[in-house]
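From just these sequences and the hints, can you work out the full model?
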Amino acid sequence: MKRINIVICGLLATLVYTSCSHDLLDIENPNEPTTGTFWKTEDDAQKGLDAVYSRFYKEGTWMRWLSFRYDLGSDEGWSTSP
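Residue numbers (my numbering): -7 to 74.
Don't read these hints as lab results, they were simulated from the structure.
Keep in mind that a hint or two might mislead.
[Stated by the list, open to error] Computed spacing ranges between beta-carbons, pair by pair: (1) 62 <-> 22: 42 to 52 Å; (2) -6 <-> 29: 50 to 60 Å; (3) 41 <-> 7: 22 to 32 Å; (4) 25 <-> 62: 33 to 43 Å; (5) 40 <-> 62: 27 to 37 Å; (6) 22 <-> 64: 48 to 58 Å.
It should be emphasised that the depicted structure is a prediction, and the values quoted were computed from it without experimental measurement.
For each residue, glycine too, the CB sits at the ideal point set by N, CA and C.
Below, the structure written as structure tokens:
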């Protein structure tokens, strides 16, 4: 029984000491653009600008009801007839 406990403790110690190091857990994605690699060409700048303006074309922000919202906030949006 004592020998089994020593073997089990030895196996557990081996597993604990040979686990992943921190370097293996912090791997950078080579496909993800970063600020150091993205803003290099004119095409990258155009893609960044497109990403900024694409937020305005989502439903409910720019193309859908925003102009009606401004009209309803003024006197033109409400009827004055009885």
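Fill in: Violating hint indices (sorted, rising)
Structure breaks hint 3 only.
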